[in-house]
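> So the protein lines, in turn, are chains A and B. When you number the first sequence by the working numbering, it's gap-free, plus one each residue, and the end is 376. When you number the second sequence by the working numbering, it's gap-free, plus one each residue, and the end is 338.
To be clear, the hints were calculated from the coordinates, so they are not data collected in a lab. A hint or two may mislead.
Calculated lysine to aspartate or glutamate pairs in the DMTMM-like style (CA-CA distance at most 20 Å, straight line) [stated by the list, open to error]: (1) Lys-85(B) x Glu-327(A); (2) Lys-121(B) x Asp-351(A); (3) Lys-310(A) x Glu-42(B); (4) Lys-352(A) x Asp-122(B); (5) Lys-78(B) x Glu-327(A); (6) Lys-298(A) x Glu-311(A); (7) Lys-118(B) x Glu-360(A); (8) Lys-317(A) x Glu-360(A); (9) Lys-121(B) x Glu-282(A).
These stretches of chain A come out as covered by chain B in the derived footprint (C-beta under 8 Å, 3 or more residues) [said to hold, decoys possible]: (10) 341-355; (11) 359-373.
Note that this is a predicted model, so its numbers are computed, not measured. The beta carbon of each residue, even a glycine, is placed where N, CA and C say it ideally should be.
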Amino acid sequence: MRHPHMAMLAGSVLFAAVLAGCGSGPAINKEPSTSAISSAEEAGASKSPSASLYLLLAKEELENAKSLAARGDKDEAQSLLSRAQADGELAVALSHGDADKQEATQAIERVRQLRQDNQLPQEGK
Amino acid sequence: MKPITFFIIIVCAGLFASCATAPPAELINARQAYQHASNGPAATLVPADLHKAQEALAAAEKSFSDEPKSFRTKDLAYVADRKAKMAEAHATTASENANTAKANKDYQAAQTEIVKNTKADLATSERNAAVTSEQLAASQKSTAAAENSAADAKVEAANVKASTDAEAIRVKAATDAEAVRVKDASDAEARRLADQKTRDMSAIIILERGKKVVLRGINFEFNKATLLDESASTLTRAYNALAANPDVQVVITGHTDNVGTQKSNQLLSLKRAQAVKNWLVKEGIASRRMRTVGRGQNEPMSSNDTNEGRADNRRIEFYVQQ
Numbered sequence: 252m253r254h255p256h257m258a259m260l261a262g263s264v265l266f267a268a269v270l271a272g273c274g275s276g277p278a279i280n281k282e283p284s285t286s287a288i289s290s291a292e293e294a295g296a297s298k299s300p301s302a303s304l305y306l307l308l309a310k311e312e313l314e315n316a317k318s319l320a321a322r323g324d325k326d327e328a329q330s331l332l333s334r335a336q337a338d339g340e341l342a343v344a345l346s347h348g349d350a351d352k353q354e355a356t357q358a359i360e361r362v363r364q365l366r367q368d369n370q371l372p373q374e375g376k
Numbered sequence: 017m018k019p020i021t022f023f024i025i026i027v028c029a030g031l032f033a034s035c036a037t038a039p040p041a042e043l044i045n046a047r048q049a050y051q052h053a054s055n056g057p058a059a060t061l062v063p064a065d066l067h068k069a070q071e072a073l074a075a076a077e078k079s080f081s082d083e084p085k086s087f088r089t090k091d092l093a094y095v096a097d098r099k100a101k102m103a104e105a106h107a108t109t110a111s112e113n114a115n116t117a118k119a120n121k122d123y124q125a126a127q128t129e130i131v132k133n134t135k136a137d138l139a140t141s142e143r144n145a146a147v148t149s150e151q152l153a154a155s156q157k158s159t160a161a162a163e164n165s166a167a168d169a170k171v172e173a174a175n176v177k178a179s180t181d182a183e184a185i186r187v188k189a190a191t192d193a194e195a196v197r198v199k200d201a202s203d204a205e206a207r208r209l210a211d212q213k214t215r216d217m218s219a220i221i222i223l224e225r226g227k228k229v230v231l232r233g234i235n236f237e238f239n240k241a242t243l244l245d246e247s248a249s250t251l252t253r254a255y256n257a258l259a260a261n262p263d264v265q266v267v268i269t270g271h272t273d274n275v276g277t278q279k280s281n282q283l284l285s286l287k288r289a290q291a292v293k294n295w296l297v298k299e300g301i302a303s304r305r306m307r308t309v310g311r312g313q314n315e316p317m318s319s320n321d322t323n324e325g326r327a328d329n330r331r332i333e334f335y336v337q338q
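So that you can see chain B by itself, here it is in the shape it has in the complex (with noise of 0.2 Å):
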């Protein structure tokens, strides 16, 4: 019979003998336990525990059945209101039990989960060293060749070196025997135009129809066509040429540097040409075998850049024409 069924008969029963005499407080505190206990766990964890609640209430009924107000009916009720107590408290220790088990075997998993997660850890700490070991070794061989390489280029820095500073001394020794060519070479340049001027200031003055003369030794006052006493040789020669060749007629050209101005420079060259004219008519040439010209600074021979450079650019020359 299932705990309910025989739950409606018993209240039923119950309510029929109420009719006659009401219940004892035990039976109904019973009747209440037994109603509960039927309704928990009890009824499917402990059901035999149940039973016996169950035959201890009928047994109780029976009694209030047959003697309403004994003492018994009531005992019985009491006991039978404990049975169904009892009930329940199995119910509970085997709910207890279950958690108990369920939470060991949760335990046993969990450690097993960790050796699990612990062995997981140690391959993978082992690939790490493996790794790391890998890596460390190709990082020392790394070093090796790293201070091989060093090494190597040290010495070839110091090859490197070495092979500069004896191309740095070849150089040094090949500018210098090129300072002391190039020295010698200006000097002797230097020495020879010395000689050419010497030449041009005391030779004679050759005449070649079409041809230019320059008239080294003329000499002017700075920035005037005033003639230097200096220039008196020169002008001898001068006077020589052309008084030996009497049918030549000449271009007097006069030159300056590049110190002033275009236009004053060109009338200074001019002015100076003719100062040469004159000082030739002075002594005895025809004027009309001389014609004057001032190029200014136009047809330079030599570099503005040097005092040199200008003092040859500063000059009178005769043009011998045909």
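Same shape as in the complex, but just chain A (with noise of 0.2 Å):
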């Protein structure tokens, strides 16, 4: 009696391990997308002009590549992964962008200011 038993319950678990790996497969790979969306956030993007929106787009996209692995689509999911990491990557890359261009207006402003502070002709004047 008690290897027929055995044998129903090895079988048992057997079949529930195949049911699940050919229901979920592998998992999809999130964290180069999420990386790229902290990193775009860390970076100030919600408040640039021109990053807001790829970040946000970013950030929907991941929702949507969750849904997508989680009705089992997990190959239409990682591919929709890879378009929010490329967003997130790209508002981090304009609030850099933005950032960076503050800084060289405030520094040529500072030049200009030296300049007329101390009475020195401007530059290409």
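The two chains are supplied separately, each in an independent frame; assemble them into the complex guided by the hints.
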């Protein structure tokens, strides 16, 4: 009696494992996209006029990918995550660009003010 | 491979593919984004980023060629579009960083220039201060010299004043002495003349041939030929002199001062000479021994500017003929 029960249990476990494997497949890799989104947020993309749109798109795409993955469309979800990563990285680049542009403007203004305060000719004049 | 060459190949591939299936909007956008990026500063500033975009677009094109309508093709094209935009963003960042670096360099240059100018200004100020100090010293020296000169001048002025005062006192004393002397001399002369007149009026009249005698004391009424009584003494002495020298002949000459006209004085002097002759004739002197002449105001003895001078000029003279 014991052997038939053992055989049935092992078979059930194996069946369940096979079912689980066929249903979910390998898990999607969200790390690159979530990392890009985090970097964009740290760079201040939400406050940047040019970067905030792409941060929003990245977040939406991440959520859509999660939904697709939950539905079992893991390939499509993984592919969509590449969009989220690309938008997150672009948001980072644009945020840095805004900050660099602001810094350059301030540096130029600082030079102009210094020259004006000390009665020096302005650049290009 | 150059970006433009790659882009041409991609477009050709796209056209070829479009013959079969229209490309998705994501791929069209990716192509345009890559073209835009490759024609901009990204090609020179961030070529590595542009290359990544190029690779992403190539993967999308390949996927489109293999699976034109798959979600993978759309996602790859979408990523390629973002890679191209990212290359442009990085190019912008590089450009802004270059601007910042240049501005910082300019700032340092400006500071260096300011320091240089400040040093120059300081040197100029020091030179000006030195010049001012020298001028001040010279001014002080000049002021001291001026003060000394002023003191000297003051002393000199005091000396001059003392000298002037002394000279003034001396001159005044001399002037006073001279005035006294002149007055004394004048008084002496006046006394001498008075004495002379007195002597003339009282002395015996001496008639010398060829000489002229003034008969002092013969006076007439104003502007007339009428003898005054006081003339009698002198007339008497004239009569005695002629009587004592019966062979002497005289010319009786009348003179006046300058009061009146030349012509009237000429006539008045002649009439007064005739009045004297008439008085002597009446006393007994022969008329033939006396001839009369009027000289008017032409032969004054003294100045006509004073009463005394004019009195001297009004006279009768005897000229003793030879």
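> Each of the hints needs a verdict: does it hold here or not?
Evaluation of the provided hints:
About 13 Å separates the Cα atoms of Lys-85(B) and Glu-327(A), which keeps this hinted pair within 20 Å; it holds. At most 20 Å may separate the alpha-carbon atoms for a hinted pair to count; Lys-121(B) and Asp-351(A) meet this at roughly 16 Å. This hinted pair checks out: Lys-310(A) and Glu-42(B) have alpha carbons roughly 19 Å apart, not beyond 20 Å. Restraint check for Lys-352(A) and Asp-122(B): satisfied, since their Cα atoms lie roughly 17 Å apart, inside the 20 Å limit.
Proximity of Lys-78(B) to Glu-327(A) is assessed by CA-CA distance (about 18 Å); at most 20 Å being required, the pair is judged to hold. Between Lys-298(A) and Glu-311(A) the CA atoms are separated by roughly 18 Å; this keeps the pair inside 20 Å, and the hint holds. For the hint pairing Lys-118(B) with Glu-360(A), the CA-to-CA distance comes to about 12 Å; that is within 20 Å, so the pair holds. For the hint linking Lys-317(A) to Glu-360(A), the alpha-carbon distance of about 47 Å lies beyond 20 Å, and the restraint is violated.
In summary, the hint linking Lys-121(B) to Glu-282(A) is not supported, as the alpha carbons are separated by about 41 Å, beyond the 20 Å threshold. Judged by the Cβ-Cβ criterion of 8 Å, the region 341-355 of chain A is covered by chain B as claimed, because 9 of its residues qualify and three suffice. With 7 residues having a beta carbon nearer than 8 Å to a beta carbon of chain B, the region 359-373 of chain A meets the requirement of three or more and the stated coverage holds.
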